[in-house]
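Visitor: Based on the provided sequences and hints, a complete structural model is requested.
Below, each chain spelled out in residue letters.
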Amino acid sequence: MLSVELAYWQQTLLRTVGVLAAVLLPAGALVQLFLFKAVSFMQSRLGPMEAGPHGSLQLFAEVGKWIQKEDIVPDRADARLFKLAPYLVVGTVLLVYLAIPFGPDAVFADLEGGIFYALAASSVSVIGVLIAGWASANKYSLLGGLRAAGQLIAYELPLVLAVMGVVIQAGTLNLQRIVTAQADGSIFGFGAIGLPFAITQIVGFVVFLIAMQAELTQTPFDMPVAESELVTGFMTEYSGMRFLLFFIGEFAAVGALSAVAATLFLGGWYFPGLDHDANYMNVLGPIILLAKILLLSFVVFWVRFTYPRFREDQLQKFAWTVLIPISLLNIVGTMILKVAF
Amino acid sequence: MPQPKGIGLVKGLGVTLKEMGRTMFPRQGVMKLVPSPTQGAVTVQYPHEKEAPAPRARGVIALKEENCTVCMLCARSCPDWCIYIEGHKEKAPPRRAGGKPRTVSALDRFDIDYALCMYCGICVEVCPFDALFWSPEYEYSELRIADLLHDKERLGEWMETVPDFEPYEAGSEAKPRKVPR
Amino acid sequence: MTVTESQKLAYVAGQAAEARVNLEIETEGMTLNLGPQHPATHGTLRIVAKLDGEQVVACEPIMGYMHRGYEKLTEVRTYPQVTTLVNRIDWLGHFANEVPFILAAETLMDIEAPPRAQWIRTIFFEMARIANITLFLGDMGVQLGALTPVFYAFRDREYVLNQMEAVTGGRFHPNFDRIGGLRDDLPKGWIADTKAVMDKVRNFCDVMEDLLVGNEIFDSRTRGIGVIPAEVALGFGLTGANLRASGVDWDLRRDQPVGLAWNEVDWKVWTHPDGDSFARYWVRLQETREAAHIIDQLLDNIPAGPVMAKVPRIIKVPEGEAWVSTENPLGEMGYYIVSKGDLGPFRCKIKSASFNNISVVPWVTRGVYVPDVITILASLYFILGDIDR
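Chains as they are written, first to last, in our numbering: chain L, 779 to 1119; chain C, 15 to 195; chain V, 323 to 711.
Keep in mind that the hints are not guaranteed to be accurate.
As the list claims (entries may be wrong) - Subject to a maximum C-alpha distance of 16 Å in a straight line, what follows is the list of computed EDC-like cross-link-like pairs (lysine to aspartate or glutamate):
#, chain 1, residue 1, chain 2, residue 2
1, V, LYS510, C, GLU180
2, C, LYS19, V, ASP541
3, V, LYS510, C, GLU183
4, V, LYS590, V, ASP571
5, C, LYS19, V, GLU538
6, C, LYS25, V, ASP532
7, V, LYS517, C, GLU183
8, V, LYS632, C, GLU187
9, C, LYS32, V, ASP374
10, V, LYS522, V, GLU612
11, V, LYS510, C, GLU151
12, C, LYS19, V, ASP532
13, V, LYS510, C, GLU187
14, C, LYS25, V, GLU538
15, C, LYS25, V, ASP528
16, C, LYS25, V, ASP541
17, C, LYS32, V, ASP664
18, L, LYS1095, V, ASP532
19, C, LYS25, V, GLU612
20, L, LYS917, V, ASP374
21, L, LYS843, L, GLU828
22, V, LYS638, V, ASP664
23, V, LYS394, C, GLU180
Just so you know, the hints here were simulated from the structure itself, not pulled from any lab data.
Please read these numbers as outputs of a predicted model, since none were measured by experiment.
Guide: Written as structure tokens, this is what we have:
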């Protein structure tokens, strides 16, 4: 434990600052690195180049631009709900980060049912999206909001079921102990790299990544925001600061779910060869986790900018007839193996 | 042909990843390890670096004032009538000593309104006395639309930027032309 | 594909029944305006869709937002001036718009362009086809949500446009065709450069095959979506790749010789029996390859000679009427010129392909979902300027 004793308000302040940093740093990093640059390279262009060397300050320029813009609420919109929605979306992402461990002691709240809490919190954002779609008084927004609701509910299930395998294998719902279980584990006696559950739970990992893509409404599952059909769906009427909040919410959620995935399947803040009880891991841990987040979110963006999108009914069919049976089989298999070994 | 599901998805990912590699690491040999996307990307960072347009590119029309005889052919053949010409007759000294004084047409006004121009090139084509030429210059945008009306001095300045005519491809019987300098 | 009458009826009944499913539980419908400013309409087409949930009950395209009155404008222009205007009808297949007009005027004047001019015309015609269709190949991806293909399309299309610019001076509006021939001849070294560009075009087609055609998601979004049987396609007057994708082997380049050089080279008309969105994409992809193949052959043996026939300095077209149409990138495009012996046409009727091609939209979109409307619109491939003229 940390040797310094802090008053309650000091702890609270520290946690608030910490959560904000934990949300904004990965979100900013992956927007700048992947959305602006890597994707541009995939399309054989350079991306932003003017703000700062190689456009490295573009993010600040964008934020500055959005903050300056006029705050427009459509005439027929339900103004109060319209204004509330973006905060709900961003707020839920902040809540997800609460449960994620960044080091042996660096954790905002060491919850006993941590993974259960993280997934539950992440799905609250659908309410924000639904409110945004409904309150905008726009047909595209309404269609987008309803699509988002249907989609997020359908993919919540495979997401949770994919996690079940990990939970069974680790024997705990606590994220911290899931990480240590991976660090202490061994593959048939070979313990040098620990036991990242991505190896034993490869099916669960793939299902989780697909469901995560859908949960984040990224292509090929981006029907709620489909620009070419619904003109960015539930975000159509938003501009300026509120759009920025949606934007932060979207990419912070990529970071958050990547963090959950990294914790569950890739060993979280632990890196093979390091001592997972040592105090220095409190500093090194967040960096390792950030690297893993970036790795996973690169896959998210890579897929996003390669594939066309599904249709709404195909998406539902895919979730209910492919992903859920597979993840159920995975759970059964994991249970049998768990009892056998 | 039937192929297992998922092959197409993996191939697609391969295409984008390959393109990213090509853009980030365009150099050869050991230097390949140094990322240099500014060389690999096909885009041109416009105000800093410029593309050279083809010599035949229709950028802006240049006027060689001495060659103009105020025949009005260009103004009449313009599809949107954006050329404004005024001229007057004046006496010029005879060509040979002792001859009669000649009457020549002098140009008072030759304006092209680039806000209207469709860049079709018919005026350049119909000019019988080689007074109009295409120049590939393209940087003459203005903040006020009225400033796009180029007068004969402005049009004359473009004359310096007119490139020489290119030689023709084999098998051509077109006559090679020259830019009067 | 031959569809029997009963199959056709079953198909129509099936679509209608599907559209009615939710009407029986009496949900309230919704009218959705796609456009006039909507990303899927690439221009100002307005689609009024009556929806039931996300299913389309009825769908009607409304056009005319971009009408520029070209038929009327041609009446107050001389013949050489008209080519400047008609460049802008199908702005992606620019050069192809000029050719039928010039051919019609040449027919009236009884002039024939020299062979070298005809070959270069054919080359540019096919380059315009590539410039037009490559954009479709990428744009279809955007409409389906894949953002990357369109960047590749713009990149590789630019090489073709650069080659056009090197000769004509204009990337978008070549205005290069003249009554009796061409304005100018090719510059030195152009043929070798163009061959290299054709390799890039072929490479682009391969990339699109990996990125979209082989992709299972693209497959599931386009196969069986917007099926137009051959009889229906003929009934609505569809032309071009949309007709060939319905299995009708019909190509004016082969079937209606107009003096251009297509008959001199070896090529193939591609058809697809399915008539769905995938077939339309696939046929266009093959046509792009075929166009590159045609250009390669034409480049190898351009005849020597002049590029301009003897024409009077002031062009007056003798009295008469002429209709010439060619197989443009979007379909059949033709000009009906009525001349009274003046400097300009007395009347000029322009038949453009997109107008007919979107007339099938109400028929084909009944009972489909909103995303499929986008797929169908994208796969029918219209250019707004070509619809409204």
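Visitor: When the hints from earlier in the document are held up against this structure, which numbers fail?
Guide: 9, 11, 17, 18, 19, 23
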